[in-house]
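The residues making up each chain are set out below.
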Amino acid sequence: MSIALTRASSAHFGLRWLWITPLVLVTALIAGTAIGETPIPVDTIVKVLANQMIGTDYPVDRIDAGIIWNYRLSRAVVAACCGTSLALAGVVLQALLRNPLADPYLMGISAGASTGAVAVAVAGLGAGALSLSLGAFIGALLSFGIVIMLAHAANSGVGGGRGVQAAGAIILAGIAGSQLFNALTAFIITKSASAEQARGIMFWLMGNLSGVRWADVTLAVPAALFGLLVCLWHRRSLDAFTFGADSAASMGIAVRPVRGMLIVAMALVTAVMVSIVGAIGFVGLVIPHAMRFIVGSRHTRLVPATALAGAVFLIGSDILSRVLVSGQVLPIGVITSLIGAPAFALVLVRGKRS
Amino acid sequence: MRLSAEKLAWSVHGTPLLTDVNLTVDPGQTFGLVGPNGSGKTSLLRLLAGLNKPKAGRVLMDSQPLHTLKQRAIAQSVALVEQQADTTDRITVRQVVSLGRTPFLSALRPWSTEDDAIVAQALRDVDMAHMADRLWHTLSGGERQRVHIARALAQQPKILLLDEPTNHLDIRHQLSILELVRQLPITVVISLHDLNQAMECDRIGVMDGGRLIDSGLPQDVLTANRLEQTFGVHARVIDDPADGKQIMLFRSAI
Amino acid sequence: MMLRLTTAIAASAVGLAQAAYASTDYPLTLTNCGVDFSVTSPPERTVTVGQSATEILYSLGLADRVNGTSVWFNPVLPQFADANEAIERIANDDPSFEAVVNKRPDLVAVQYEWHVGSTGSVATREQFHELGINTYIMPADCDTKDNSTGGDGTRTAAFSTDSIYKGITELAEIYDVQDAGEALITDLAAREQRAIDLASSLDLPEDLSAAFWFSSTDLGVSPFVAGQLGAPGYMMEKLGIRNVIESDEEWPTVGWESIARADPDVLVIASMDRRRFPADDIEAKREFLRSDPVTREMKAVKNNRIVEMDAHAMSATMRTIYGLETLAESLSNMSFNE
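Protein chains in written order, with this note's numbering: chain A, 240 to 593; chain B, 7 to 260; chain C, 5 to 342.
These are computed hints drawn from the structure, not numbers from a lab.
Incorrect hints may have been included.
[What the hints assert, rightly or not] In the BS3-like style, the derived pairs of lysine-lysine whose C-alpha atoms are separated by at most 30 Å in a straight line are: (1) Lys61/B to Lys76/B; (2) Lys61/B to Lys13/B; (3) Lys76/B to Lys13/B; (4) Lys170/C to Lys242/C; (5) Lys286/A to Lys306/C; (6) Lys164/B to Lys59/B; (7) Lys251/B to Lys164/B; (8) Lys303/C to Lys286/A; (9) Lys107/C to Lys430/A.
[As the list claims (entries may be wrong)] According to the in silico footprint, chain B covers these stretches of chain A (three or more CB under 8 Å from chain B): (10) 478-486; (11) 491-497; (12) 533-542.
The structure displayed is predicted, hence computed values, not measured ones.
Yeah, the Cβ is synthetic: ideal placement off N, Cα and C, and Gly gets one too.
Build out the structure end to end from the sequences listed, making use of the hints.
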């Protein structure tokens, strides 16, 4: 392909996404609002949305209106933010750590969040003053901090931070940290929880969007946007890590500050998401890989594509979690794992063949 | 651009890897770095590239100390071709070489046709233009090496550092890369194992045990004595009948 | 059937003022929750695992034979406060095997099978029996329940107070205090009947619906609500109320969306001393119902038809009958004209 052709088609590609992205996102959000545990007719949904957004005055049952606007729409928005954030965290960690298995859970974030949540809910930490979410947030950051310190201790000075060794140290530290906090969680549950508490916590730990309201949206949306903007701003830096940290440095990237800043930003965003919706797995792992197959590894395309795919994936998973079993809501983490695990296997196999 | 090192020292976990290294490379010169394995060639190149901060001493570009410069500023002048750098990403040759433009790209200065032209030229220089759209993982070791060199060339550096760049190359490409690098009007420091090829450099330096034990014109430095003492080989040094250049014939290991 | 029999006996005893109380023949053999055991003489020393078992023993006047208690959900019934003070509380939650055995009990009385069942969190029944300690599990937890499934087990048939009375009768037999047992049952049965009569006298609407809310892991998250077959289901059935929750599980989690659309006429919310989840606090429950944009539109919330009930009454214990009374009384204070 000549240079001219490549440039033209890539510009065309970029422009197309400019209108495809909002269209796909809005469609997904509407689907998330229209489909739920109980059936609500489409015209009711349209009327409620019209009332709320453009100030019309259709008569609607107030409970239906509350469900559609306060429960389902806010839930869909948060699901989108959560999916975007987790997927982007996966992209960043995979780029910086040079490891295709890297994702937020690797850094011990979800294990720590679980411990924090369980400490509050089961061991009674904070005596009712601390909410489950706050406990999860603190736990996530605590475990992440420990993982970073572990990685630093393991890696100080060796090879001067050579790409492979630094990444390997972080992953091992993340595994160690996750195991430690998972053990703590298990300890608290077996020691203090009744069967009912244990079941309640398990449900929360597997990811749960049922408690989401508009207040959570005011937290989730800025966090997700922040994460997205940080990733877009550093897209070239992420590309520069293709051959490792040393290679990035030789191409002018201030490795330590950039890597540190990106990891901390992603950790914060992930911790916020986990504190709102619990621990949801496979999103940060599978979505980036799937998107690499479709748009390639260059982060100028990968970052926005992953953000969109993550949002749609989680909205879709949330819809499935509410309709798969009638009268019951499955934890969303179960859905993402049930889809994510075989999807990841598929990605691996296809990768081998081509 | 002149590259100089003053009293460089470097150690890792208390083990000294470089001690009191001083060298100067005049602008446009090609400086060959030779020495047995573990003598500190890679460590020295990393310090010269600004990847690590020396434990003592300093590196200067013209008269500017490296440690006063930001990484990006360094990268706009210095390019490094590492011994080993690999990736599992599905990335094309052209995309790899394009990475070399990173130090110059910014929000205010996005990718342009000029960058396309620089990348194309770099590919031609290393004879990889016909493989520009091949995927990285389909390339052989030698081809990958050439792509790395092209990436460094795309950086349009004033100082080019190469760490054993000819290791995996076939003889034709070894010679053509060396020829290319020598002809570039920029300052080059290249580490080599093939001592006969090192003779083509303007000046060479010999490293042993973390020290630069000798430097100067190749024929002055690579004497039979030096080959015995530092490299541990018996060799016969003769002159090429055609042009009088020094050739070393390696006989046996000590 | 048990109810009528014992009521008949009690009635005739009162009427004839003649003591015709049975006395236990030892050795006594019983099948309790699938396990046979025999008792050769009335137990002198007892340890309880579960507040329900504890309070039944106290109600039978056996406080002096209880040496240790454990697994408490809220303060003991006030009439037993003094007696309870003198007895060591081994643990507020699950006791350890050694702590129980250390009291050298003859019998361990248990409320929930999962504490001593095949995956017993304290110990298995066999472990106790090996040391010559008998274990008695309240029939309410195993007779109509399959504890091998679900988090809290699944009811295989609807709970009824008959299993409470059975527990009282059997314990009275074991301890040879059958007169106290019968008196207790009479009293409880009478209270039950009064509550049922009160409800029917109220001329409640035909399809009165309700839901019982125990707690939630977080406010706004799907709550634990009562299924059809447990103690709340029993209460609702006896008073002629329809449970909007259709599940057979003991305490399923059902989304507020589904509950709101079912729009029950009455909401019963649990009050408890435990503060693990934010929704444990009954004030927090009320506040949530008032402020959440969907739940505040429910007719039970708008018309303040919210009943507060002791959480312990919502599980299959003696207090279920007090809960029934509470519910009937609350209903009598409500108006259903909209």
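Do the hints match the structure? See the list:
1. Lys61/B to Lys76/B: holds, 18 Å
2. Lys61/B to Lys13/B: Given pair Lys61/B, Lys13/B holds - Cα atoms ~10 Å apart, limit 30 Å.
3. Lys76/B to Lys13/B: Holds: Lys76/B and Lys13/B sit about 22 Å apart, inside 30 Å.
4. Lys170/C to Lys242/C: Measuring from Cα to Cα gives roughly 19 Å; hence the hint holds.
5. Lys286/A to Lys306/C: Within the cut-off at roughly 24 Å; holds.
6. Lys164/B to Lys59/B: holds, 21 Å
7. Lys251/B to Lys164/B: holds, 29 Å
8. Lys303/C to Lys286/A: This hinted pair holds, its Cα atoms lying about 23 Å apart.
9. Lys107/C to Lys430/A: Distance ~22 Å between Lys107/C and Lys430/A Cα, so the pair holds.
10. 478-486: Since three or more residues must qualify, the claim that chain B covers the region 478-486 of chain A holds, with 7 doing so at under 8 Å.
11. 491-497: Our answer is that it holds, as 4 residues pass the Cβ test (under 8 Å) against chain B, meeting three.
12. 533-542: With 3 residues in contact (Cβ-Cβ under 8 Å with chain B), the coverage given for the region 533-542 of chain A holds.
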